[in-house]
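Engineer: Order-wise, the sequence lines are chains Z and V. The numbering of the first sequence is the working numbering, which starts it at 8 and goes up by one. The numbering of the second sequence is the working numbering, which starts it at 8 and goes up by one.
Just so you know, these hints were derived from the structure itself, not from any lab. Hints are not guaranteed to be accurate.
Copies of one chain are not kept apart here, so a pair can be met inside one copy or by any two copies together.
Stated by the list, open to error - As a list, the in silico EDC-like pairs of lysine to aspartate or glutamate whose alpha-carbon atoms are at most 16 angstroms apart: (1) 296 - 65; (2) 296 - 55; (3) 106 - 78; (4) 357 - 11; (5) 122 - 230; (6) 152 - 37; (7) 66 - 29; (8) 287 - 97; (9) 39 - 344; (10) 287 - 409; (11) 14 - 78; (12) 391 - 366; (13) 40 - 344; (14) 346 - 37; (15) 194 - 288; (16) 302 - 288; (17) 66 - 11; (18) 279 - 235; (19) 365 - 406; (20) 14 - 75; (21) 40 - 11.
2 protein chains.
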Amino acid sequence: MGNDTVKIGLLGLGTVGGGVAEILAGNGDEIKKRLGHRLQLAGALVRDIGKQRDGSIDKDILTTEPSDILENPDIDIVVEVMGSIETAYEYIIRAFKNKKSVVTANKDLVAAHGKELFEAAEKANVDLFFEGSVAGGIPIIRPLKECLSGNRIQEVMGIINGTTNYILTKMTYEGREFQQALDEAQKRGYAEADPTADVEGHDAARKIAILASIAFNSRVAYDDVYMEGITKINSHDIQYARELGCVVKLLGIAKETDGEVEVRVHPCLISKEHPLASVKDEYNAIFVKGDAVGKTMFYGKGAGGFPTASAVVGDIISAARNLSLGTTGRIGCTCYDNKRIRGIQEVATKYYLRLNVKDRPGVLASIAGVFGNSNVSLESVIQKRMKGEMAEIVLVTHEVQESNLRDALSIIEGLSVVGDVGNVIRVEGSD
Amino acid sequence: MGNDTVKIGLLGLGTVGGGVAEILAGNGDEIKKRLGHRLQLAGALVRDIGKQRDGSIDKDILTTEPSDILENPDIDIVVEVMGSIETAYEYIIRAFKNKKSVVTANKDLVAAHGKELFEAAEKANVDLFFEGSVAGGIPIIRPLKECLSGNRIQEVMGIINGTTNYILTKMTYEGREFQQALDEAQKRGYAEADPTADVEGHDAARKIAILASIAFNSRVAYDDVYMEGITKINSHDIQYARELGCVVKLLGIAKETDGEVEVRVHPCLISKEHPLASVKDEYNAIFVKGDAVGKTMFYGKGAGGFPTASAVVGDIISAARNLSLGTTGRIGCTCYDNKRIRGIQEVATKYYLRLNVKDRPGVLASIAGVFGNSNVSLESVIQKRMKGEMAEIVLVTHEVQESNLRDALSIIEGLSVVGDVGNVIRVEGSD
Numbered sequence: 008m009g010n011d012t013v014k015i016g017l018l019g020l021g022t023v024g025g026g027v028a029e030i031l032a033g034n035g036d037e038i039k040k041r042l043g044h045r046l047q048l049a050g051a052l053v054r055d056i057g058k059q060r061d062g063s064i065d066k067d068i069l070t071t072e073p074s075d076i077l078e079n080p081d082i083d084i085v086v087e088v089m090g091s092i093e094t095a096y097e098y099i100i101r102a103f104k105n106k107k108s109v110v111t112a113n114k115d116l117v118a119a120h121g122k123e124l125f126e127a128a129e130k131a132n133v134d135l136f137f138e139g140s141v142a143g144g145i146p147i148i149r150p151l152k153e154c155l156s157g158n159r160i161q162e163v164m165g166i167i168n169g170t171t172n173y174i175l176t177k178m179t180y181e182g183r184e185f186q187q188a189l190d191e192a193q194k195r196g197y198a199e200a201d202p203t204a205d206v207e208g209h210d211a212a213r214k215i216a217i218l219a220s221i222a223f224n225s226r227v228a229y230d231d232v233y234m235e236g237i238t239k240i241n242s243h244d245i246q247y248a249r250e251l252g253c254v255v256k257l258l259g260i261a262k263e264t265d266g267e268v269e270v271r272v273h274p275c276l277i278s279k280e281h282p283l284a285s286v287k288d289e290y291n292a293i294f295v296k297g298d299a300v301g302k303t304m305f306y307g308k309g310a311g312g313f314p315t316a317s318a319v320v321g322d323i324i325s326a327a328r329n330l331s332l333g334t335t336g337r338i339g340c341t342c343y344d345n346k347r348i349r350g351i352q353e354v355a356t357k358y359y360l361r362l363n364v365k366d367r368p369g370v371l372a373s374i375a376g377v378f379g380n381s382n383v384s385l386e387s388v389i390q391k392r393m394k395g396e397m398a399e400i401v402l403v404t405h406e407v408q409e410s411n412l413r414d415a416l417s418i419i420e421g422l423s424v425v426g427d428v429g430n431v432i433r434v435e436g437s438d
Numbered sequence: 008m009g010n011d012t013v014k015i016g017l018l019g020l021g022t023v024g025g026g027v028a029e030i031l032a033g034n035g036d037e038i039k040k041r042l043g044h045r046l047q048l049a050g051a052l053v054r055d056i057g058k059q060r061d062g063s064i065d066k067d068i069l070t071t072e073p074s075d076i077l078e079n080p081d082i083d084i085v086v087e088v089m090g091s092i093e094t095a096y097e098y099i100i101r102a103f104k105n106k107k108s109v110v111t112a113n114k115d116l117v118a119a120h121g122k123e124l125f126e127a128a129e130k131a132n133v134d135l136f137f138e139g140s141v142a143g144g145i146p147i148i149r150p151l152k153e154c155l156s157g158n159r160i161q162e163v164m165g166i167i168n169g170t171t172n173y174i175l176t177k178m179t180y181e182g183r184e185f186q187q188a189l190d191e192a193q194k195r196g197y198a199e200a201d202p203t204a205d206v207e208g209h210d211a212a213r214k215i216a217i218l219a220s221i222a223f224n225s226r227v228a229y230d231d232v233y234m235e236g237i238t239k240i241n242s243h244d245i246q247y248a249r250e251l252g253c254v255v256k257l258l259g260i261a262k263e264t265d266g267e268v269e270v271r272v273h274p275c276l277i278s279k280e281h282p283l284a285s286v287k288d289e290y291n292a293i294f295v296k297g298d299a300v301g302k303t304m305f306y307g308k309g310a311g312g313f314p315t316a317s318a319v320v321g322d323i324i325s326a327a328r329n330l331s332l333g334t335t336g337r338i339g340c341t342c343y344d345n346k347r348i349r350g351i352q353e354v355a356t357k358y359y360l361r362l363n364v365k366d367r368p369g370v371l372a373s374i375a376g377v378f379g380n381s382n383v384s385l386e387s388v389i390q391k392r393m394k395g396e397m398a399e400i401v402l403v404t405h406e407v408q409e410s411n412l413r414d415a416l417s418i419i420e421g422l423s424v425v426g427d428v429g430n431v432i433r434v435e436g437s438d
């Protein structure tokens, strides 16, 4: 690095990379006053140099050759915003070997190879920052790792997928069914043509795995996360949730109890009084409970070029500060524990159950009897008359272990008076 | 500092100091794993050594002699949680002279002497951290200074006084009048016997001055803040706010426009859809708008021993990390600009106006005429019949400069059909 200038190499110049370039250009003078050094965009790896781009980007810094960034001795900090897993991993390892600090916004990569990346960064004594990889622009990684580092974190619970929150907001406030809301989300660019990763919870699972790893100081991988998506939620569930004083949200949830960790992504009913309940549209929020701080929440845009670039530039400034002070590698991997991950069968929550039953006397009694025998106690019951001789019953249980609930449900599904189980949704955030 | 241990000296062992001691004792092993060093409480300045205290505190470390902490070569970090301004200032300056980093949770001190303290810390090349001085446990100083440091911050708007938020919550959701709600707050320990500093906005003003200084990189002092309290808010205002789709909150507001800063504390109507609207009881939240990140919000407990101690311990850990790496003084004072502060007359907002008028034809027309002549345009009007021949009219203006509104109001107060102006409340957060 020069006396006055820290040189940045971008891997990727898409939505986020373009946002980073634009912030460095537009807010460069302010950043120099804050940091004491100018951040100069000195190279950008792209697929196609000839592609039409924003006029503020100097064509001379574009390259299709990774080594122009990774092995360039002039470049101090490499910013990986290209996406993908294996290629990005290879490039970052090469950057570390060349003693470059790295900033990434790639959650798939951090969720898949976080451990190896942190070890490699530590070995090279450089920084690896990844604030942009979870919840876009919302400051959450640094607050967890630094501001709340005096706490034992007990719970992290977040709306960490904007697509599904947009869909559920449309279903809740505009009466849409799932498919209609998904169509709208796709039209507005909030959902991909193939929406699987969002609506089935895979994206949220990668994020909650990263958050859980930091919160509980123990590696949690994507494969450790129990997942259910929102495709089965319908307007009946939304309406019953409202009657119960709740809204339906897709949450990433991680809790530590007795030294063990549970981590899951699924739709939830949460009370309208809970701070997460009012997080609407494509916004994200992460609710954190610590033993000293109590309940906190971090809210903002969880995706998009500029919000994510905001997090990336914050990380670049931190990395540049460490470079200039000669103290890269200040905070390495914080996963010093190896806590057991609980299976979903061991998890205890409240449940919302929607059952289609024959509308005749004694049905509720026989269902309640099965629950009683399985140690599932009921908190509330809503009964709705439906077409023909079928009725819809909604039950909310007290807290019960999942295995007990499943046992009870398998018996109930076999009852002659029960048509089918319409939906089972966990209820969270009531404490 | 020893090889393995960083020694902490507390100035004050009240609610926050006691919380810090308890966290260091209870979470000491976890903190050691995160930091690499044990944080040892090595001294605590108290008024009365004989006072009954929590059993976990070693009596041998208590002292009534400031120099046992400030001039003690064994102590690495001084934690000022004693309150007061001048004595705390003197002690911190002495700590700096002895090359000790300082953590403080004293907003009065930071608001009054922030500039001198940062200069002294910079000169001594030690750290001064103050996360606990604003909004208790909520991470906000570090997110602003680091995570969002790529942004130009445009607006900071916060519920930063728990007492008034508790009172307004009781008025909004339980139909209390101000005095009843204040009585309850006092009974529950949320309000002081003399509630002036809270209900008149002085406490919030000190906090928004600190936040504005950081957000806009320009010193904003307590005296720069325009203040109005909540004592004039009554149940009519709460009810009309509801009809307008709003709630009433006491907000600290700081905005930068065209290189100039406005900073104020007063009650506001904000839309129920705004993220701040659902912040209830004694909780605090700070809404931040940046040019890259967009809208973000930070929520949690803004006061209390453990939440504030959470922030203090986070700062101690950062200071200890810097000590161990030999990089104290990484981020000094960030007030490198000197932006003009706008007077309240120059500020433009929407206004809610409640007027008591004679209930006769043409009244509204004559009032509307005055507003029209003063370039105040109206967004909505609610009219309520009242006792006798008086009626209550509620108007909401479009955005208008305060000086224009005041001109119009002084004419309206002189109209023979107008009894008096019941209340004037600004409307915020509608963009």
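Engineer: Each hint should be assessed against the structure and marked as holding or not.
Structural biologist: Consistency of the hints with the structure:
1. 296 - 65: Cα proximity of residue 296 and residue 65: none, with 46 angstroms in one copy and 29 angstroms across.
2. 296 - 55: Answer is neither; intra-copy 46 angstroms and inter-copy 35 angstroms both fail.
3. 106 - 78: Within one copy only: 10 angstroms inside, 41 angstroms across.
4. 357 - 11: neither (58 angstroms within a copy, 46 angstroms between copies)
5. 122 - 230: within (14 angstroms within a copy, 51 angstroms between copies)
6. 152 - 37: between (26 angstroms within a copy, 12 angstroms between copies)
7. 66 - 29: So residue 66 and residue 29 pass the 16 angstroms test inside one copy only (14 angstroms; across, 58 angstroms).
8. 287 - 97: Neither: 38 angstroms inside a copy, 48 angstroms across copies.
9. 39 - 344: Result: close only across copies, 13 angstroms inter versus 39 angstroms intra.
10. 287 - 409: neither (29 angstroms within a copy, 33 angstroms between copies)
11. 14 - 78: within (13 angstroms within a copy, 43 angstroms between copies)
12. 391 - 366: Within one copy, since 10 angstroms is at most 16 angstroms while 50 angstroms is not.
13. 40 - 344: Answer is between; shortest inter-copy Cα gap is 9 angstroms, intra-copy 40 angstroms.
14. 346 - 37: between (43 angstroms within a copy, 14 angstroms between copies)
15. 194 - 288: within (14 angstroms within a copy, 40 angstroms between copies)
16. 302 - 288: Classified as between: cross-chain Cα gap 13 angstroms, same-chain 23 angstroms, threshold 16 angstroms.
17. 66 - 11: neither (23 angstroms within a copy, 51 angstroms between copies)
18. 279 - 235: neither (22 angstroms within a copy, 31 angstroms between copies)
19. 365 - 406: neither (27 angstroms within a copy, 59 angstroms between copies)
20. 14 - 75: The answer is within: 13 angstroms in one copy meets 16 angstroms, while 47 angstroms across copies does not.
21. 40 - 11: Answer is within; shortest intra-copy Cα gap is 11 angstroms, inter-copy 36 angstroms.
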